[in-house]
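Chemist: Chain by chain, the residues run as shown.
There are 2 protein chains.
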Amino acid sequence: MNVQDYMQSLGREARAASRYIARATTNEKNAALQAIYHALTHNKEQVLAANAQDMANGLASGLDAALLDRLELTPSRFDAMLEGLQQVIALTDPIGVITDLAYRPSGIQVGKMRVPLGVIGIIYESRPNVTLEAAALCLKSGNATILRGGSEAIHSNRAIAACIKDGLTAANLPSAVVQVVSTTDRAAVGELITMPDYVDVIVPRGGKGLIERISKDARVPVIKHLDGNCHVFIDRDADITKAINIAVNAKTHRYGVCNAMESLLIDAPIVANVLPQLAELYLAKGVELRGCEQTCALINASPANEQDWYEEYLAPVLAIKIVSGLDEAIEHINQYSSHHTEAIVTENYTKARRFLAEVDSSSVMVNASTRFADGFEYGLGAEIGISTDKIHARGPVGLEGLTSQKWVVLGDGHIRG
Amino acid sequence: MNVQDYMQSLGREARAASRYIARATTNEKNAALQAIYHALTHNKEQVLAANAQDMANGLASGLDAALLDRLELTPSRFDAMLEGLQQVIALTDPIGVITDLAYRPSGIQVGKMRVPLGVIGIIYESRPNVTLEAAALCLKSGNATILRGGSEAIHSNRAIAACIKDGLTAANLPSAVVQVVSTTDRAAVGELITMPDYVDVIVPRGGKGLIERISKDARVPVIKHLDGNCHVFIDRDADITKAINIAVNAKTHRYGVCNAMESLLIDAPIVANVLPQLAELYLAKGVELRGCEQTCALINASPANEQDWYEEYLAPVLAIKIVSGLDEAIEHINQYSSHHTEAIVTENYTKARRFLAEVDSSSVMVNASTRFADGFEYGLGAEIGISTDKIHARGPVGLEGLTSQKWVVLGDGHIRG
Numbered sequence: 001m002n003v004q005d006y007m008q009s010l011g012r013e014a015r016a017a018s019r020y021i022a023r024a025t026t027n028e029k030n031a032a033l034q035a036i037y038h039a040l041t042h043n044k045e046q047v048l049a050a051n052a053q054d055m056a057n058g059l060a061s062g063l064d065a066a067l068l069d070r071l072e073l074t075p076s077r078f079d080a081m082l083e084g085l086q087q088v089i090a091l092t093d094p095i096g097v098i099t100d101l102a103y104r105p106s107g108i109q110v111g112k113m114r115v116p117l118g119v120i121g122i123i124y125e126s127r128p129n130v131t132l133e134a135a136a137l138c139l140k141s142g143n144a145t146i147l148r149g150g151s152e153a154i155h156s157n158r159a160i161a162a163c164i165k166d167g168l169t170a171a172n173l174p175s176a177v178v179q180v181v182s183t184t185d186r187a188a189v190g191e192l193i194t195m196p197d198y199v200d201v202i203v204p205r206g207g208k209g210l211i212e213r214i215s216k217d218a219r220v221p222v223i224k225h226l227d228g229n230c231h232v233f234i235d236r237d238a239d240i241t242k243a244i245n246i247a248v249n250a251k252t253h254r255y256g257v258c259n260a261m262e263s264l265l266i267d268a269p270i271v272a273n274v275l276p277q278l279a280e281l282y283l284a285k286g287v288e289l290r291g292c293e294q295t296c297a298l299i300n301a302s303p304a305n306e307q308d309w310y311e312e313y314l315a316p317v318l319a320i321k322i323v324s325g326l327d328e329a330i331e332h333i334n335q336y337s338s339h340h341t342e343a344i345v346t347e348n349y350t351k352a353r354r355f356l357a358e359v360d361s362s363s364v365m366v367n368a369s370t371r372f373a374d375g376f377e378y379g380l381g382a383e384i385g386i387s388t389d390k391i392h393a394r395g396p397v398g399l400e401g402l403t404s405q406k407w408v409v410l411g412d413g414h415i416r417g
Numbered sequence: 418m419n420v421q422d423y424m425q426s427l428g429r430e431a432r433a434a435s436r437y438i439a440r441a442t443t444n445e446k447n448a449a450l451q452a453i454y455h456a457l458t459h460n461k462e463q464v465l466a467a468n469a470q471d472m473a474n475g476l477a478s479g480l481d482a483a484l485l486d487r488l489e490l491t492p493s494r495f496d497a498m499l500e501g502l503q504q505v506i507a508l509t510d511p512i513g514v515i516t517d518l519a520y521r522p523s524g525i526q527v528g529k530m531r532v533p534l535g536v537i538g539i540i541y542e543s544r545p546n547v548t549l550e551a552a553a554l555c556l557k558s559g560n561a562t563i564l565r566g567g568s569e570a571i572h573s574n575r576a577i578a579a580c581i582k583d584g585l586t587a588a589n590l591p592s593a594v595v596q597v598v599s600t601t602d603r604a605a606v607g608e609l610i611t612m613p614d615y616v617d618v619i620v621p622r623g624g625k626g627l628i629e630r631i632s633k634d635a636r637v638p639v640i641k642h643l644d645g646n647c648h649v650f651i652d653r654d655a656d657i658t659k660a661i662n663i664a665v666n667a668k669t670h671r672y673g674v675c676n677a678m679e680s681l682l683i684d685a686p687i688v689a690n691v692l693p694q695l696a697e698l699y700l701a702k703g704v705e706l707r708g709c710e711q712t713c714a715l716i717n718a719s720p721a722n723e724q725d726w727y728e729e730y731l732a733p734v735l736a737i738k739i740v741s742g743l744d745e746a747i748e749h750i751n752q753y754s755s756h757h758t759e760a761i762v763t764e765n766y767t768k769a770r771r772f773l774a775e776v777d778s779s780s781v782m783v784n785a786s787t788r789f790a791d792g793f794e795y796g797l798g799a800e801i802g803i804s805t806d807k808i809h810a811r812g813p814v815g816l817e818g819l820t821s822q823k824w825v826v827l828g829d830g831h832i833r834g
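Residue numbers (our numbering), protein chains in the order written: chain A, 1 to 417; chain B, 418 to 834.
Chain A on its own, in the form it takes in the complex (with noise of 0.2 Å):
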């Protein structure tokens, strides 16, 4: 079968399960995951066995070190993978909840219903936890789900899809429901992404080329993140203690992560009071500083040039800017950021709702660390990924990111005058 015909029938099959997967009950749901527990842990042993195939290959064609440790699954990763499962089926079901039902001059009363949106394509790299973690988060919000991973896991992949196939078939449910692309030809995402009639969404995550590539050609909406280029501002008022524990936390912490702060701005009166001191916290744990002009006079740091405000490093690399207030750390935000988080330290009150106001990010803060912008900290439970966009879902994406609502209307008779 050629790749298009292969992913037609992908589609078809999913569209079938997916009118299935919507009507099922939260208990038919659960036991389903609860069977793909099972068969996981039953097979524990040939999924690391598959892994080891992969990492075996991965080393021989010279995978970066980087991809090679995101493709390892190790015997504790593939338990933490499960205690995941255990936390999706703890997780309350979005769907069928009506809310809003109110009753209308005419006398109809009028509500939402919260609904699976059907089949949900995922496009990842080559780490074998996402299709886990992937399939459970589609199937708890009542959505089939294409699953196309990086071609480095297709023997992980493999594997684990067999064991979410015979978890679906314990549960009596179609094995469809989940289906893991088993071709690693690249074509196969060209394909997914212009299945309009199959595919109602496409979820891809990886890397900004990817992802760029990916919205430009679809003919599906995307649910996208392209980066996270945080920032923290600093604002007069601010209490120097947090201020410094909020910028070092939200730098350091963990450098490769998209909620990581990436600039920091400084209000120029208070510069000498917490530069210094902050610089030598970073430069002890060996962060590279560029600053603006200002912040390379008062401190040892190399000049930042016009693409360093809008860099997403992803490395302990920092950007430093003095600005002359409010207004200018609104306004730099505003053009260079991603997007995706931001901070204010400051104790005053006025300038706190107005940062929250004027700032256009996914996640806007006070006095708290851009780290926090992750969907188990907001209370989702888990997140398919963190949306920079601003349709349909912005920010951390959980279970309800994956379903729309549909109206409802119950009347006694009701016609319209």
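These are calculated hints, taken from the structure and not from any lab test. Honestly, I wouldn't trust all of these hints.
What the hints assert, rightly or not - Dumping the calculated DSS-like pairs for lysine-lysine here, alpha-carbon to alpha-carbon at most 27 Å:
id, chain 1, residue 1, chain 2, residue 2
1, B, K529, A, K112
2, A, K44, A, K242
3, A, K216, B, K633
4, A, K208, A, K242
5, A, K216, B, K625
6, B, K659, B, K702
Mind docking chain B on chain A? Use the hints.
Modeler: Then chain B, alone, in the frame of chain A:
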């Protein structure tokens, strides 16, 4: 200036204006809408004269009666348009509303704040009243908008645009908050839907052909309304009086609207009690009936073919099918419907509940006419359209559909451990 440069310049100005209007207070936005109201009131004669010119051109070029009717701004339609503007002024401002602000185990408070989408492009037919309606809804929801109406209405639209501009200026808002495309060059649409840097979402209003073309070519998200093939299912446990009232109202209250019933499904056991009297009522109103084989055996109807079950007639034509029960009704609807609005008539609790849960349409109703599927009837105050998509907005789209949410995090020096 060529069309591309012109549209790019509109886009740039809209993006800049969107930042301004996003921060405007409710009072500033309402004052601008009031100023637009006054500008229109004072220039009523000029607007009507411009419309008369469009009408004369339309007549001369042989526009059909339906298009001419939509194009015409009579004095009373002008007044109704201004009344609609007052209704938008009276609507609650959705922007800045914070919901679900709650403490998390880490100690941070997390909630969501409603925010504008940014820049909205509206593409519509030669209906001058849409120019004002769309402009008012976008402005009230804090968005900048670029309006591209049908070329036959160009003089009317320019005249209304001049009043909107006067109003914005009088209220000290940038006039680029609302821009009307002043060229009739069709290439302008192609540009408008492919400027992701400047336009956040496109709302097309018009015929199915136009909307399919726009969806196919757009490089930004589209909130689209394709068609309304709405169903009423009369269950065997229906109250016959309610069933007949609803079936007559859903079909005959207005024919050319998207929430009119196009297919009627009747449960086999009660068909003899319902169909003959319904057929008599329809025939008295001049409704052409097309039916399945069993229908044609019972009443005077022509045979329906497969295409009839898909059809949005927008006319006094009705397709009738006798079904074996709820399962077949749901299956038929989910297969043939355009997923706009469907109603069941029944006194049976369990079947009502199943119909609501299992029918996959933007509005599902029990014992009410499909004609209620409407932004005003649902309490949205006004609607920019009715979405037949599931992503972002579904069903009638009011102010809230023109907004997004961002996450708000409040801390007291909180860092991730």
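Chemist: Which hint numbers does the structure go against, in order from smallest to largest?
Modeler: 2 and 4
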